[in-house]
Amino acid sequence: MVKLAAKCIMAGDATVGKSSLAQMFRSDGAHFQKNYTLTTGVDLLVKQLTVPDTNDSVELFIFDSAGKELFSEMLDKLWEHPNLLCLVFDVTNEQSFTNCAKWLEKVRVQLQGSTLPGVLVGNKTDLAGRRVVETSRAQEWAGTHGLEYFETSVKEMENFEAPFRCLAKLFHQLYRERLELFHSLV
Amino acid sequence: MRVVDLCLASEGTEVILATSSDEKYPPENMIDGNSTTFWTTTGMFPQEFIICFHKHVKIERLFLQCYFAVPALRQGAPPGQGTPHRRPKGGQEVRGIRIEKSNAKEPVDFERWVERDLVLTEGQMQMEEFMFRDGYATHLRFIIKSAFDHFVSVHKVNIEGISVSSLT
Numbered sequence: 000m001v002k003l004a005a006k007c008i009m010a011g012d013a014t015v016g017k018s019s020l021a022q023m024f025r026s027d028g029a030h031f032q033k034n035y036t037l038t039t040g041v042d043l044l045v046k047q048l049t050v051p052d053t054n055d056s057v058e059l060f061i062f063d064s065a066g067k068e069l070f071s072e073m074l075d076k077l078w079e080h081p082n083l084l085c086l087v088f089d090v091t092n093e094q095s096f097t098n099c100a101k102w103l104e105k106v107r108v109q110l111q112g113s114t115l116p117g118v119l120v121g122n123k124t125d126l127a128g129r130r131v132v133e134t135s136r137a138q139e140w141a142g143t144h145g146l147e148y149f150e151t152s153v154k155e156m157e158n159f160e161a162p163f164r165c166l167a168k169l170f171h172q173l174y175r176e177r178l179e180l181f182h183s184l185v
Numbered sequence: 000m001r002v003v004d005l006c007l008a009s010e011g012t013e014v015i016l017a018t019s020s021d022e023k024y025p026p027e028n029m030i031d032g033n034s035t036t037f038w039t040t041t042g043m044f045p046q047e048f049i050i051c052f053h054k055h056v057k058i059e060r061l062f063l064q065c066y067f068a069v070p071a072l073r074q075g076a077p078p079g080q081g082t083p084h085r086r087p088k089g090g091q092e093v094r095g096i097r098i099e100k101s102n103a104k105e106p107v108d109f110e111r112w113v114e115r116d117l118v119l120t121e122g123q124m125q126m127e128e129f130m131f132r133d134g135y136a137t138h139l140r141f142i143i144k145s146a147f148d149h150f151v152s153v154h155k156v157n158i159e160g161i162s163v164s165s166l167t
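Quick mapping for you: the protein sequence lines, in order, are chains A and B.
Using numbering that gives the first Met the number 0, the letters of the first sequence map in sequence onto residues 0 to 185.
Using numbering that gives the first Met the number 0, the letters of the second sequence map in sequence onto residues 0 to 167.
The hints are all genuine.
If you only want the chain B side, here are some residues facing chain A, beta carbon under 7 Å, derived:
1. Thr35
2. Met43
3. Met124
4. Ser152
Capping the alpha-carbon separation at 20 Å, the derived lysine-lysine pairs in PhoX-like fashion look like this:
5. A/Lys105 to A/Lys6
6. A/Lys2 to B/Lys23
7. B/Lys104 to B/Lys54
8. A/Lys67 to A/Lys101
9. A/Lys168 to A/Lys2
10. A/Lys76 to B/Lys144
11. A/Lys2 to A/Lys46
12. B/Lys144 to A/Lys6
13. A/Lys76 to A/Lys101
For the record, the hints were derived by calculation from the structure and aren't laboratory data.
From the three backbone atoms N, C-alpha and C, an ideal C-beta is built for every residue, glycine too.
If we strip away everything but chain A, and leave its shape as in the complex, we get (with noise of 0.2 Å):
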């Protein structure tokens, strides 16, 4: 039996719903924010979740980061040693899904190298007909950038579990696949 710790960092454009999925999965469901606020440094939430099939843990240090460019430069340095990365965008909002490129480089330079497990999350299904980012466009932009794609509407509580289940899972896989490299040095 293992606990993990993750460093798992919330990525996106501001707006897009970083905050209320974190703090809706944080809470289980309890707490969606009706009001927006700007999340203006980072807000840590952590949560532990069970890896399905094992008696092991992944607990997830949630570093819920501002989206807007105004407080970037701050980011460099909350970002250090990142675990996990969920990426978010709106499926409302074109912009939202090209800046996940440059979300992704800006982690990416955080990494020197190393893997980085990851999920890239669509937020808003609900507004259905305001949709402009289709399934399989974003589901595609996922795949060539080793994210699993995930789509989720906070405000009606769906599938906002799924995206931090397969990163507790991804960060479980790559600690067994270590240990595997470990006993093989010998």
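Take the given structure of chain A and dock chain B to it, following the hints.
Okay, now just chain B, sitting in the frame of chain A:
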């Protein structure tokens, strides 16, 4: 006086703190004299462990057998050639290990002793060697500030030196 391996559980040495623990890879694996067993870190950095000798010792040489590298970086590197150590752009070097020591009876009053950047090795165990002149200690604290990967393993801590006196 005889130079011995001071860092063995069989000599009474103990790991009294470790920030990570997987039941299957406990910190005791670092001091069992066997480099096939190891301790793993299980997440975010920094990570640390404290070794207590339960006596005053004088350390002359310290070897750390560990693995801090990352497989992803090795891809594309010419075979048989180590990947060069990269420094983060514009940033301060934070990847590495720091060793602190204490001469107190309890694990307190640690002073910075030695600090070293990590060098990437290719898919093989790393052997870090440290030599000391002023090696009096009762406790050692190892701080892994960060590595090139999410997890690291420490297989063996080997400490050559002499027992000086009991704690009393």
